[in-house]
Structures are given as structure tokens and as C-alpha cells.
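Peer 1: In case you want the letters, here they are:
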Amino acid sequence: MPDLLLSIILTVAIAAADFITAGKDGGDAKAKKRLTWFSVPVYAFVIFADIVIGLGVQLDLGAKLAKLLGPWMNIG
Amino acid sequence: MGKRKTTDRKISSIIALQIIGSSLVISSVGPAMQDSWIAIIIGVGLSILLTWVYGALLKLYPDRGFLQIFQEAFGNTAGKAVCGLYAAYAIFAGAQTFYIYDEFIKIVGLNETPQVAILMVSLPLIIWHVRSGPDNIGSCAKFLLPIVLIFVGLTFLLAIPFMDVDNLKPVLGSGPTALVHGTFSALVAPLGEIVLVVPFFGVADRNIKPLRVMVKGILIGSAVLLMATLRNLMILGAPTCRLFLFASYDAVGVISIGDFVSRISVLIGINLVLSGIVRIDVSLYAASLSVSEALGTRGSTRPAACCGLLMVVLGYILYNNVLSAVNFIPYIPTISIPFQFIFPLIALITGKIKGAGRKKQAGNGTGERQQRRENAEN
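From first to last, the protein sequence lines are chains C and F. According to our numbering, the first sequence is numbered sequentially starting from 1. According to our numbering, the second sequence is numbered sequentially starting from 1.
If a hint is listed, it holds; no wrong ones were tucked in.
Residues from chain F that face chain C, not an exhaustive set, calculated with beta carbons under 8 Å: (1) 114; (2) 119; (3) 124; (4) 127; (5) 296; (6) 302; (7) 305; (8) 306; (9) 310; (10) 316; (11) 317; (12) 318; (13) 319; (14) 324; (15) 325; (16) 331.
Honestly, the hints are just simulated from the structure, not real lab data. Owing to the predicted nature of the structure, the values given are computational and were not obtained by experimental measurement. Cβ atoms here follow ideal geometry from the backbone N, Cα and C, with glycine treated the same way.
Same shape as in the complex, but just chain F (with noise of 0.2 Å):
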């Protein structure tokens, strides 16, 4: 467990580079199509309301961490056999976002390197950084924003002469069908996995207001991915960029102006592999943290090493090339829904029971007191 208690701008900052890393994993076009934004808009919404869900779920036990909340609610022994799928879903999590980026440095940059050799040096790195605290990977990720923010801000300006505004019509021409399945997709897939984030809070800061800490990352990601997903859009058109695996970096690489400025599509790849480092982090803080709670160590960060190594071996032994990796996203939904949807919901249901048992059972205790007491005075 840290030290020191983490900040609210340090928790909203690795908020905000979780759902940026997500266009790493998660193509920037989805089944929406050129609707994608507009899906990403009402996905906002929705994932507001989920918040709302983890915020009430912390404020009913404000002495509590996300996942002691599970244990107190559901019972110890249910509780920690949720804890432990959170440890696994955590680690699925991890090993898709871990596979790709792996694939993205051999892909984009390293084609000769063997991938052990970029596991060797970002690997113990990355479990470092989960066994120094919450505390560092904020520190990190508030150090980090910054220079993500700006390096997407300048290429979405030096992206403008080469932008079509017409590929970005009809508008609402996917169809409903289309953009209901694209805004859940949003929902599920980049913002719904705050839930990863949402353990951080149990290290935080007392004072800080988690709804609107976790808002203001939520902002401030999902501003990035909708710059993002109109860039990709109007620079390459909804269909090419279904084609592409990393849409982000093949839009921007489109880019040249004069003989001074060309390849910058660099700078998308500095923006995956930072954010997409905060990502792995995140998914192994969350998963040592559930283990550690699974086997009733509470808040020990020493299990990383050993879910790190699972990651990446998970990775491996679930696909064989980065297109398996890919064609296995639209199945993610599947798997995250009970972790983002029922299971805090369940917890919350139940917290609010308890709560309301536990005043009656106060009311009642004081009536009888009350009554006791003027027997004995008559």
C-alpha cells in the first residue's frame, strides 16, 4: 500500500490516459461506422451514469475499497470469489492491452527485434512501477496527460488541410442499429473499463469527490478519443479506416506539409506506447489488488509480478497474431459486462438493504431504550 494518498488530479489523469490508451487496443471506427463520434458522445453520457453507480457504491462505504466493498456486501467467502474473477478479468484485460502493444512496438517500429527482447525491458518496468504504489503510476500519469494532450492537439491542427468533412456524412446514415450497438461498444469497451480504476480510490485521498473525479477523466479521455476518431475520420474515411489496425497511426502518417514536417505519425506512436504503459498498469494494479484481497492480504502490490508474467504468457496462449487479437475485440463486451455492470450494482442494491436494515435496527434499539427507561422512571 502507498504511503502517500493519491490526489484527485492524479486519479482523473490516469482516468483520462486509460480510455486515450483504449485506441490502441480498440479501433478509433466502430460498428458505427462514420457515426462513430456520435457514438462516442451518447457513450459519455451513459458512462456518466455508470459512474454515478461506482460513486454511490464508494460514498455507502466511505471507510472501504472498492474491493473490500464486494466483501462487505456479498459476505467474505462470495466476496473474495469475486475478488478473484475481478483478479482474472483484470488480468484478461491486461494480457489483450499488453499483446497488442507488444505487437504495436514490433509491428510499427522494432520489425527485426525479437518480441522477448521488448518484454525484457518493458515487463520488469511495468511491474516496478505496480510495486511502488498507486501513488507512482498517478504521479506517472499526471506527467504524462500533458504531453499526450498536446502531442493529439498538434496533430489534429497540422491534420486540417487534409481533412474531408464529407466523409463524415450522412450523418446518422449507419442506421440505429448500427449506432446502438457502436454507443455500447463505446460504453463497454473504452469507458466502462474505468472500473479497473475505480480500486485507486480505496488509496485516495478522503476529501476527494470520486463521481467528480471520475467525470473529469472521463472528459478529458473521451474528448481526446472523439478529436481522435474525427481526425481518423475525416482524414481517412470511415470504410479505410476499418481497415486499418491502428487507424490513429495510418491517419496521421498522411501528413506532410513541405519537406519540414512529415512522419509524425512518431508522435501517435509515443501517445500509444505511453498511454497504452498507464493501461497495462492500471489492469495490474487492479488485478495484485484482487488477488491480494482474494487470499485475504489486503492492499499487497507483491503479487504483480507474478499476474504480470500471466499477462503476457495469457496473451500468447490466447491468439496467435495480432489479427486474432483484433477479431476477438467485438467478444469484450461479453466478458466485461457482469464486472462494469451487475456486480457493482448487485453490491450497490445490497449496501443500500444493509443500510437501511441496519438504521431500523438502530431505530428500533433506541425505542426500546426510550421505553426501558421511562418503565423504570414510573
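The following block holds chain C by itself, in its conformation from the complex (with noise of 0.2 Å):
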């Protein structure tokens, strides 16, 4: 649980640095904005994955790809 609560503090205060100094990185609004809309789901998945991942849920998903990816792998 501890680990949980410190990865979710992370991802906040990530967040809200990024969050912070964008308006000093120049750049048109339109293009600040795109960014903002690509970030906040981005940080919302990460919320989410600190969550599942700090309630100990193993989904091992490199296991899953490999196997999906064994049939390509005999080509040659």
C-alpha cells in the first residue's frame, strides 16, 4: 500500500510539473493544446496502471506478446 500511495504521489507531482511549465516552453496555442489533450489520458492510464499494479494484479503481458509472436519468429 505504501508503494502504491508513493507511485500515485509520483504521478502527480510528474504531472503537475509538466503541467506547470508548459506555458513557458513558447510554441502556438493550438499546438499546447494537442499536447494537453495527448497528456491527460496518458496520465489518467498511468493512474490507473499504479493502481492495478500496487494492488499486486500480475497481467504479465510480455509472456501474452511472446506468444503471439513465436509464430513469426520461425519464419526463416
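Two chains, two frames, some hints: make the complex.
Peer 2: Right under this line is the structure:
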């Protein structure tokens, strides 16, 4: 549980720092808006994943991906 | 976008450290077993051919960055889609490195420390590093490379009394299939990954020659990789090397000269952490630049924060433990091939065809203009 809390704090802190410093980067407003629209769902996903991982759910998608890639490995 | 232009020495240092850092992720002994060093030498030769493709692409579009070239060659929509795919590839490569980097620090040095504590220190630093611009990454790489070279050279010299040349025998005994497999693995996994460094040329000095810079970086990085592979093979032997997760760390751990020189495996630990940081920096920079290009916000490194977090989370979603991450390594070439070979090659061919078409059009235009002038004169 402390790990879960720490990882959420880390994510929120990085997201906050990102949004605070975004204005200082320069560039046009449209581009900034587009980047914001990209980052908001990513941060939401990261917090969701933090909770899933923190609760001890082991997805092990690498092994599933390896099974999927298995037939391609035999080519050649 | 960085205000200063990145110099050739900085980019070749980044390439060299990117290759050296691969020994953190990929075991120095591949499928070619005791012939792994031969596989690396052949792989280096082939990787120079690969860099020729990247060099030709950058030469064909001198005023464009690597990712902008795809938009030029494939058109706006398809080009942006390719940039999005490159972002996914860079995030995946970074996730793999970040996960093993994190596990390495935990396994080797800080067993009792929670991983999130390591992340709290390393992740903001890496994001800040990338947000500061590519020139900053280059300056760090230029500073770190001599340190890494000295440490590798020192461990090689100190390990000489513990080496057994018989461990390299029988030379070419692994068989042609294993050697081809090993060469391909060396070509794709450490050497081909310099495709992630190619976007740095977009902010480089216009006078530098990309091919020469890439070859220089590859030669320095591969020399270190070759030295480390030979050292590990001669100290531990190929079958034992394959048993270790971090073969370099364990091979150097054998060195003990008197009571004075012992436990110098910490030098390898420092090496792997330093080059690992540069490797993650490169992946994160490539990912944030690709996201920027895909969203139409040229050259911004702002997505570094969310891409960095995504890398960390992806590592934990993909793998349960370091063993599952290591077991996934043989599958990396299948994922990497389109990004290292197919997309750049198609872009080069399309660019050449478009260039030839433009030249022909320009030639026809001049002919028509000349004919019109002659008609007017008559």
C-alpha cells in the first residue's frame, strides 16, 4: 500500500510539474492544446495502471505478446 | 528544441553509450555461444550498411529531421501514423531498458529499497534531462563516455590473469545456423537500435556528415561490446555466461588481486547505470519527438513527462519479474525490424523516386520554357 501511494504521488507530481512548466515552452496555443489533450488520458492511464500494479495484479503481458510473436519467429 | 546545435562528437558519444548500455539489457553471450565475438564483428559490418541507409535518407532531405522525412516521403497522414508507431517503438524500447535498469539497481545494490523509491530519484531526473534538450543529453554522453571506456579498459586489464583462451574454442564450433542467428541478434538488438539516435541529427550542426558520425559511434561502442564479450567469455565460458542475468557484473566479480583489488564489479555497476541512463534518455527523447511530430507540434520535448511515466508503467505491465523481461529479449528483433529496416528503406526508395520525378519535371519545364522563347523569337 505505501508503494501504491508513493507511485500515485510520483505520477501526480510529475504531471503537475509538466502542466506548470508547459507555458514556458513557447510555441503556438493550438499545439499546446493538442499536447494537453494527449497527456491528460496518458496520465489517467498511468494512475489507473499504478493502482492495478499496486494492488498486486500481475498482467505479464510480455509472455502473452511472446506467444503472439512466436509464429513470426520461425520465419526463415 | 535545443537552442544550441549538437556537435558530431556528442552524437557519436550518444551512439557509443547506447550500444554499450545494451549489455545491461542483452546478455553479452547470444545464440552463437563461444562465437559471440565473431557474431559481433560481422554484425558491426552489416550495421554500417544499415547506417548507410539512414545517412542516405538524411542526405536526401538535408533540411528535415528523421521523423519529418517520413511525413515528406509518405504524405502527411501516413507519415504521422509512422511517427506514432515510432513513438510506440521508442516507448517499448525504453520500457524494456527502464525495467531491467530498475531491477538491476535493486538486485545488485539496493535489495531492501522499494522500486518506487528508485523511480522517484531516477525518473524526474531523466525527464528533466530530456526536456533540457538533445544538446544536454549529448553533453552528458560526451562527459560519461571516457569514464565508461576507462572502467571497461581497467576491468579488461585486471581480468587478464583470470582469463582462459580455451573458453573461446572451438572457434566457429557453434555452427553456421547459430552464428547467423547470433549475428542477426547483434545487428538488430544493440546495433540497429541506433535508429533511435537518428532523430538527434535533426538538431545537429548542418556541416556534420551523419554517416561518418554514426560509423564512429558504432565503432567505439562495438569495440567496448567486443571487449566485454571476450572478457566475459574468457573468464566464465559461454555456458556459464548464459546462466547469469548480468554476465559482465558477475564475470568481473571474479577479479581479486591480493587484498587490495577486489569487488571491482562495482565499476561495471557504475558503467551499466551510466550507459543505462543515456539509453533511456535516447528512447525517451525519440518517443517525445515522435509524439510531437505525430501531433503536429514540431520538435517539442514536452511529451517527455507522460512518455517517461508510460515507459515505467509499461515495464511493470509487460513483466512480472526480471526473468520474464529477459525471456522476452529474443522476441525484440521481430518487433524492431520494421522500424530499423523496412520504414527507412521504403522512405529512401520513395524519396529517390520522388526526387527523380521532380528532376524530370524540372527538366521538362526548362525544355518547354526554351521552346516558348524560341517560338517568340521566330
